[in-house]
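Can you build the whole structure from these sequences, using the hints too?
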Amino acid sequence: MKLKMKVKLAYVLLLLIFILNLVFRISFVVKTDNLSSDFSYFHLRNLENFINNGELKYDDLSYSGREIVYPMFFYYFIGFFTNFMSASLALKFIPEILISFLPIIIFFIVKLIVKNSYIALFCSLISGFIPVVLQRTLNQGSIYSLALPIIFFMFYLFLYLIYNKKNVYLFLIFSFILALVHPIAFIFVLALIFYTILLISESMSLKGIKREAILFSIFVITIVQFIVFNKAFLEYGLNFIYGNTPKELLSFAFTSLTDTLTYIGIIPIIFGSIGIYIGIFRYRKNSVYLFSSLILGILLLLVLNLIDYYIAMTFVALSFCVLTGVALKQFLSYLEFTKFSNYKIFFIISLIVLGVFSIYPVFGVAYNVIDKTITNEEIDVIQRIGGRIDDNSTVLADIEEGHYINYFANSKNVADTYFLMAPNVEERLSDIKSVYNSWNGNMVLDTLKKYRVRYIYLSERTKLKYNLQELRYAKDGKCFTQVEQYKGNKFYQVEC
Amino acid sequence: MGSESYLNVRLAMVVAGEDQIPNYDYLSYGGRGFSYNLGWPIVLSIIYSIIPINIHLISGFLSIFFGLLSILMLYLILYKLKFSKLQRILIVFILILSPAFIYASNLSSSVIVTIALSFISFYLMNSNKKINHALSLLILFLIPLFSFVFGLFVLFILVLYILIIDRSKLKFLIIAILVMSVSYIYYLFLFGVPEPINFKANDNSIINYFSELGANFGLSFFAVVLSLFGLNSLKSEKNVKIFIYILFFISIILASLYLEILFYFSIMIAIFAGIGLTNLFHDKWESEIIRKTTIFILVVGIAFFGISYIGRTINLEPNVFLVEGIGFLENNVDSKDTVAAHYKLGHYITYAGIRNIMDSYFIYAPKLNKRYVDMNEFFYAQDINAANKFIKDYSVDYIMFDDYTYNLLYKNKLRNTYLPYYLNNDKRFRIVFENEGVTIWKVFQ
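Those protein sequence lines, which keep their order, are chains A and B.
Residue numbers for the first sequence follow the working numbering, beginning at -4 and rising by one.
Residue numbers for the second sequence follow the working numbering, beginning at 4 and rising by one.
Bear in mind the hints are in silico, worked out from the structure with no lab data behind them.
Ideal Cβ placement from N, Cα and C applies to all residues, glycine included.
Hints are supplied without guarantee of correctness; some may be wrong.
What the hints assert, rightly or not - Below, simulated DSSO-like cross-link-like pairs (lysine-lysine); rule was C-alpha separation at most 30 Å, straight line:
hint	chain 1	residue 1	chain 2	residue 2
1	A	K205	B	K414
2	A	K160	B	K287
3	A	K242	B	K414
4	A	K242	B	K347
5	A	K226	B	K347
6	A	K202	B	K238
7	B	K295	A	K202
8	A	K202	B	K241
9	B	K414	A	K428
10	A	K444	B	K445
11	B	K295	B	K85
Said to hold, decoys possible - Restraint ranges, calculated between C-beta atoms of paired labels, are given here:
hint	chain 1	residue 1	chain 2	residue 2	range
12	B	I292	A	S198	27 to 37 Å
13	B	N335	A	K367	52 to 62 Å
14	B	K287	A	M67	37 to 47 Å
Take a look at the structure:
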C-alpha cells in the first residue's frame, strides 16, 4: 500500500514537472507573436506550402531557386494540428508540447536504470531546464522538439526490451518513425554501433533480443534514410550528415569550456561524469555503456566536424542527465554506510535546492531567445521591400536572415541557412561577407550582378555581426540608396 | 555509357576502317603508339564487318550478352561447388542488382567480357576432361588481350586458389602462367616497360566505393554488410577460409589502387552476401518479428538500390550536354586542332576526331607524368604567362570544360584566381560553344 502511494506520488510529481516545463515554455512563447529564429520561417513556409500545395520540392526563392530535400514527417505531424489552428500557431505551440515530454522519458529511463523514482524525478526536473535544449528549441518550431523525445524514447524502449519483450512492436514502429523524422536519427545508429564495440571490448555478452534489436534498428534507420535522402546521399556522400553546412559554421574550435558548462549546466556535468565513471569502471552497467556510447558517438561527429556544436551539446547534456541518476543512486547508497547517514535528508534537500537553483540561469537563456526574436516592425519593413519587388530580382541579406526574406518579402535570397542541396554555399557565403565588409563599391557591384541583387538588407543583427553602422561604400549615394528603414534596420537599393 | 565505351567504339571503327591494326593513334595524347588492349575493339570490329549496323548498338548488345553469360556461368559454378538452391538464387539476385555489375553490363568495355571469360575458364578448369582444360587455358590466354590489369588479377586468384585449395592442378597453373605471360611479353617486346603513374588517378575517399554514396560503379552498402555476416558464419575448411580472407584483403588493397577491381570484388561480395542472407533465413532469433522484418528490410534495400541505380545509369556520363559538346567538336573543329580538357574528357574529344592532350588510358601514354603536371599547372595557373606557356607548348586551339570536370577541379576553391578568371576576362579566349553543361573556348593567338 505504502509502495503504491509512493509510486502514485512520484507520478503526480512527474506530472507537475511536465506542467512546470510546459508552462515555463508557453509563458515565454506567448511573449511574442513571432517565431524566434530565422530557420523557423523555413519550417513555416514549408508547412504552409505543404498544407496548400503539397510537398515543396523546388523552391524558387531560397538561393534564388534550389531543390529542397527535407524529411516531411514533421510537417505531416504538425499539419494534422492545422485542422484546429493556424499553421503559425501550430508551429509555435505543438513543438513546445512535444519537447515537454522529454523530461517524462528521461524519468522512465533513469527509473529503469536506478530503480528509484525520486532520483528519476530529480533527473527529469533538470533535463527539462537544460540551457542548450531551451536555446535550440524555445519558440522556434524546431524539428528537434520531435526528434529528441523520439530518440530518447527509442533508448528507453531498447533498455526496456530486455525486461519486457512485448514492447518489440513499439520498438519496430518507432525505429521506422525515427528514420523518417530527421537525419539526426543516425546518432541512434552510431550510439548502438559504439555500444556494440564497447560491450565486445569489455567481453560483455551481446546476444538475444538486444543483439537483434541493434541489428534491426541499424538496418532500418540506414535503409530508410538512404531511401528518403537518396538524392542528397548521391550528391554529398557521407558529408550528408552535416547537411552541406559550411565548415566555418560547424567548427567548435572557438568554443570554450565555460561555454560548454553554460550550455549543459553544472549539475549534469558533475554528476553525469561521476555516473560514467561509476557505471563503467565499478559496476559495468549496460545502460551506462549505452549512454556513454551516445556521448562517444557525438564526440566523434564533433571531431570530424559532422555535427552542429549546439545539437551535439544537446545530446551530451541529456545523456549526462540520465547518468546523473547513476551517480546519485551510488552517492545515496554510499551515504548509508557512513556516519553521515543520519544527515541523508540534509543532502537530499541540498540537492533539490541545487537543482532548483540550477534552473535559474535558464530564465536568462529564455529571455535572450525571446529578445532576439524578429519584431513586428522589422517584419513590416521586410514586407514593404517585398511589395517593391515586381520582377525576379533578389534581396541580399545575411545568411542568418535569408528565410525572413523568403517568408516575409516573398522574394528571392542569395543564401540562407538550409544548406542541403543548395548551390555553391561556400562561394555565396564568402560573397555575402564581402558585400558587408567591403570598402570597394565596384567590386561589390560585380558580386551583386552575379546574383541579380536589387536590394541589400542591413539589419541590427547584421551590423553587430560585421561590426558596421552602414554599408561603407554606400556613403557617396551614387549606386546605393537607402529606401526603407525602421530603427537600425535598413534596405539599400542598388541603382547601378 | 562511360568514356571508355567511346574509346573502344573509336578503336573498333579505326580497326574496321583500316582492315588491320594501325601502328599509330594520331589523336590520343596528341599522337601515341597503338598500344591498347585490343581484344574488345577487335571483337566489335569483327562483328561490325559481319553485321554492319551501328557499332554502339553492337557493343550494347554484346555487353548485355556477356552479362547474362556471366550470370549463367556463376550459377553453374555455384551448382558445381554444391551451394544450396536458396543460396544460388540469392547470390544471383544480389549480383544482378549490384551496381558494379549493372554498370559493367551497360558499359562498352572489356570488363564484362573478362568476367565472363574468367567464369568460363574456372568452370572448365574444374571439369575432368582434358579438352576442357585446354579450352580453359585458351580462354586464360585471351583475358590479358582484353585487359592487362584484369589478366594479372585473374592470374593472382588462380595462383591463390590452386596453391591453397587444389594443389592437384599445379601443372595446370604452370601452363596457365606461361600461356598468360605470352601476351605480356608481346606488349613488353613491342612497346617496352610502361611509365609508372606518379599521380593518383582515383580519389580514394569512401564515396568511390559505395554506389549509395554517389560512386559511379561502387559496391552496394547493404550487400557489403550482409557479406560480413556471410564471412562471419563461414563453415568451410580452414584452407578455404584462408583463401577467402587473403582474397578479400588483397582485393580491398588492389581496389584502392585500381578502382576497376571493384567489378570483381562485387562478385565476391554478392557470393558472401548470399551466404549471409541464407543464414539469416535459417538462424533462430529470439524475436521472430524482428528476424522477419530485418530480412524483409534487407531484401527491399538491395532491390531498391539496385533498381534505383538502373535509373541512375541514364544520367551517368555522357549527359545530353556533353553529347552536344562532342557533336560541336565533331562538326566544327579541324581534326588537326588540339583541345585542352581534363583527362576524363579525353576519350570524348578523340571520339569527335580531335586531338587531346591527355586522356584516361594511361598505360604506354607518352610523357604521362609530365603532361599531368603541366595540365595541373595550366588549370591552376595564377598568372597568364603560365597559361600562355602551356598553350604554346601543346599548341592548344580549344579549351573545354563540362560541369563535372569543372567541379572536380575548382569545387571549394576560389575559381576566380585560376584559369577560369583568364577565360572570362582575356579577350584571346572566346566562347564558341556553350550549353547548360559544357563550355568550349577558342584560343585566338
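Okay, the hints, checked on the actual structure:
1. A:K205 / B:K414: Roughly 44 Å between the alpha carbons, so the hint for A:K205 and B:K414 is violated.
2. A:K160 / B:K287: With Cα atoms ~16 Å apart, A:K160 and B:K287 stay inside 30 Å; holds.
3. A:K242 / B:K414: holds, 14 Å
4. A:K242 / B:K347: holds, 29 Å
5. A:K226 / B:K347: Within the cut-off at roughly 24 Å; holds.
6. A:K202 / B:K238: Roughly 20 Å separates the two Cα atoms, so the pair holds.
7. B:K295 / A:K202: holds, 17 Å
8. A:K202 / B:K241: Since the Cα atoms of A:K202 and B:K241 sit roughly 26 Å apart, the hinted pair holds (cutoff 30 Å).
9. B:K414 / A:K428: holds, 19 Å
10. A:K444 / B:K445: It holds: about 26 Å lies between the C-alpha atoms, which stays within 30 Å.
11. B:K295 / B:K85: At roughly 26 Å apart (the allowed maximum being 30 Å), B:K85 and B:K295 satisfy the hint.
12. B:I292 / A:S198: 27 to 37 Å: holds, 30 Å
13. B:N335 / A:K367: 52 to 62 Å: holds, 59 Å
14. B:K287 / A:M67: 37 to 47 Å: holds, 38 Å
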